[in-house]
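Each residue of the sequence shown is one higher than the last, beginning at 1 in the UniProt record's numbering.
With a Cα cut of at most 16 Å, we get these calculated EDC-like pairs of lysine to aspartate or glutamate:
1. Lys110 with Asp249
2. Lys104 with Asp249
3. Lys110 with Glu76
Computed Cβ-Cβ distance ranges for the label pairs, DEER-style:
4. Gly63 with Gln146: 44 to 54 Å
5. Thr155 with Asp61: 51 to 61 Å
6. Gln146 with Glu2: 46 to 56 Å
Read the hints as simulated data drawn from the structure, not as lab findings. Ideal Cβ positions, reconstructed from N, Cα and C, are used throughout, including at glycine.
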Amino acid sequence: MEVHILDESHSESIVQILKNGMRKDLLTLTPYPYKGFPLFLRRLLSVSHPHNERIFIGATDDGALVGFAEWTHGHENLHLNNIYIAPAARGMKVGTALMDYGMKIARSLKVSTISLDVFAWNSKAHQWYEKLGFETVQHRYWTKQQLPQPTSTNTYVIRHLPDAIAGVESYGFGRLTVLTPTNEYGVLLLGDRLFRTSYQESVLDPVLVSALHHIDPTRELALIHSHPDWKKSPSLVSESVHMKASISDWNGKEMT
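The whole structure should be built from the sequences, with the hints applied where relevant.
Spelled out as structure tokens, the structure:
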């Protein structure tokens with residue numbers, strides 16, 4: 001087994017491993033199932049580390065991709081976006097090899113911390129990360145609901161709408177920004193049926209709702225919240241755990 005940086009030739013294999021590894025109800029809340037995602041990924045991978053903040057590491061066995069990890073380099077931190085192993089390769093320490101390689105990159109980038117998110121129902125993975133030295137920072141709650149009716153008349157600003165629509169037409173998804181008097185929201189358009197954004201407060205911003213209605217009143221709304229009140233929401237789909245480890249405390253122990 002070899003572990004190395006991936007390029008555009010691995011895009012189709014990455015997508016297949018993603019689709020096989022993620023729970024189907026959660027997959028629909030991401031860009032991954034849309035028909036244009038392989039093309040988007042090929043273009044993303046055409047510029048690789050160290051020239052891209054997104055870093056894809058893969059494990060190959062006889063030339064076949066058996067697992068990958070996707071990292072994002074931010075300020076003083078390296079974040080693990082995804083790590084998935086092909087079903088036939090589970091139990092072969094592929095995950096450990098990918099994490100070790102990611103740690104080498106983290107040290108070369110001189111970041112102070114590494115972070116990740118793991119779904120709460122995946123207790124085996126959560127325990128593995130704890131053994132590797134990660135600690136829980138906060139819980140996040142994934143919900144999906146009908147877009148509420150607008151009630152606010154306050155002013156909002158929508159940025160990058162043409163780019164977002166072009167992204168939906170090319171890839172099946174696009175991104176825009178909504179500015180309200182109290183916050184700035186990055187909004188993902190998924191297909192023609194769903195908005196997705198992250199949210200910190202216990203009550204949904206009515207100005208954001210008005211802006212989303214302006215863009216497309218027929219879409220549903222997926223939210224990733226950090227406020228604990230959302231754990232009780234009837235629209236809850238899943239819960240994830242945000243974890244972080246200090247590079248200086250990293251122990252690199254393998255899962256036994």
